[in-house]
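Colleague: Sequence:
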Amino acid sequence: MPKGGRKGDHKGWMRQYTSPVEIDAQIKAENEKQKCTGVEGLVDIENPNRLAQSSKKVTQIDLEGPRKFSRREREEIEKQKAKADLARQAIMQKQREEAAKKKEEEQKFKDATVAMAKGVQSMSLNK
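1 is the number of the first residue of the sequence shown in UniProt numbering; add one for each residue after it.
In case anyone wonders, no lab produced these hints; they're calculated from the structure.
Ideal Cβ placement from N, Cα and C applies to all residues, glycine included.
Fair warning: there could be bad hints in the mix.
[As the list claims (entries may be wrong)] When the alpha-carbon atoms are kept at most 20 Å apart in a straight line, the in silico SDA-like pairs for lysine to any residue are as follows: (1) Lys103 <-> Ala87; (2) Lys101 <-> Ala84; (3) Lys108 <-> Met92; (4) Lys68 <-> Leu86; (5) Lys94 <-> Ala84.
[As the list claims (entries may be wrong)] Here are the computed distance ranges between Cβ atoms for each label pair: (6) Ile91 <-> Thr113: 52 to 58 Å; (7) Ser55 <-> Asp24: 23 to 29 Å; (8) Lys68 <-> Ala99: 42 to 48 Å.
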């Protein structure tokens, strides 16, 4: 008997074909196994700086929704808000200073009238 057993008609009757759906499922399972090495399968990491660029049709674009600004636009808006806040604070400070001056003048006037009244009283007592 020769080595390797019987050799002969093996063509045709042992062939098995796999469907494309099964092949896709196997490839997907292998890719998932490769992805889940170490802690990668447990932790879902997403980079917020990397945006997935997807092209949209003109009919799909939402113009009424909230618009996302770029970094430069956000910084420019923040600068404008800061300038407005500083101007508002300066106005408030001027108003407070004016109110303090007015209050101080009223206090001086009140003290002067009280002093004059005391002076008049003392003059009338000295007679």
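Colleague: Look at each hint and say if it fits the structure.
Modeller: Outcome of the hint check:
Proposed proximity of Lys103 and Ala87 is contradicted: the alpha carbons are some 24 Å apart, above 20 Å. Taking the CA atoms of Lys101 and Ala84, the gap is about 26 Å. The hint is violated against a cut of 20 Å. Using a Cα cut-off of 20 Å, the hinted pair Lys108 and Met92 is violated, with the two alpha carbons roughly 24 Å apart. Only pairs whose Cα atoms come within 20 Å are accepted, and Lys68 paired with Leu86 is rejected, the gap being roughly 26 Å.
Distance restraint check for Lys94 and Ala84: the Cα-Cα separation of roughly 15 Å lies within the 20 Å cut-off, and the hinted pair is therefore satisfied. A hinted range of 52 to 58 Å is violated for the C-beta pair Ile91 and Thr113, which are about 33 Å apart. About 26 Å separates the C-beta atoms of Ser55 and Asp24, a value consistent with the hinted range of 23 to 29 Å. For the hinted restraint 42 to 48 Å between Lys68 and Ala99, the CB-CB distance of approximately 44 Å keeps it satisfied.
Violated hints, listed in ascending order, are 1, 2, 3, 4, 6; each of the other numbered hints is respected by the structure.
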